[in-house]
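Chemist: Protein chains in written order, with my numbering: chain A, 140 to 219; chain B, 140 to 219.
Take the hints with a grain of salt, since some may be wrong.
The list treats identical chains as interchangeable, and a pair is accepted whether it falls inside one copy or across any two copies.
Unchecked claim - Using 20 Å as the maximum straight-line C-alpha spacing, the simulated DMTMM-like pairs for lysine to aspartate or glutamate come out as follows: (1) 156 x 213; (2) 205 x 157; (3) 205 x 172; (4) 189 x 213; (5) 183 x 196; (6) 161 x 172; (7) 205 x 175.
No lab work stands behind these hints: they were computed from the structure.
Number of protein chains: 2
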Amino acid sequence: MNYVLGVITSFSGPNTKEVTLKARGQAMTTAVDAVEIVRHRFMKELSIGKITLGSQEMPPREGENKPTTVSTIETTLILP
Amino acid sequence: MNYVLGVITSFSGPNTKEVTLKARGQAMTTAVDAVEIVRHRFMKELSIGKITLGSQEMPPREGENKPTTVSTIETTLILP
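Looking at chain A on its own, in the form it has when it is part of the complex (with noise of 0.2 Å):
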């Protein structure tokens, strides 16, 4: 829900037309879901604009010494 606050306070601000969430790894369903939520629950006039996949090289974790690959997801909610 800290997602879904940080969105709708975003778009508070003047002129904003567009948010744009980006996660990574795990995250990426809890950004999905913060996406749902405000669109079906708090601003139903909101659309889906651009949703794009990716990959991101990550440095190796403690103990760990190879680089690690995460996904990467970035959704952008535009207000008509």
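Position chain B against the provided structure of chain A, taking the given hints into account.
Modeler: Below, chain B without anything else, positioned relative to chain A:
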């Protein structure tokens, strides 16, 4: 990697130009990972077509009495 193999196998069918992955809840992360692995490691010629986010109401889990809503993602991969 089962999903990766599933996508590659699906494309091996005759005249298969598009494969759509659907996932809900935590599995959305797995689906995005599979898309990224397929298109960066195995079938670099693929492009991402439509990505759709949605919500789906699920029957109550055992011991609960309220239906829960889960987010969904559908990603279409296209062979040029």
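Chemist: So, against the hints stated earlier in the document, which numbers end up violated here?
Modeler: 2
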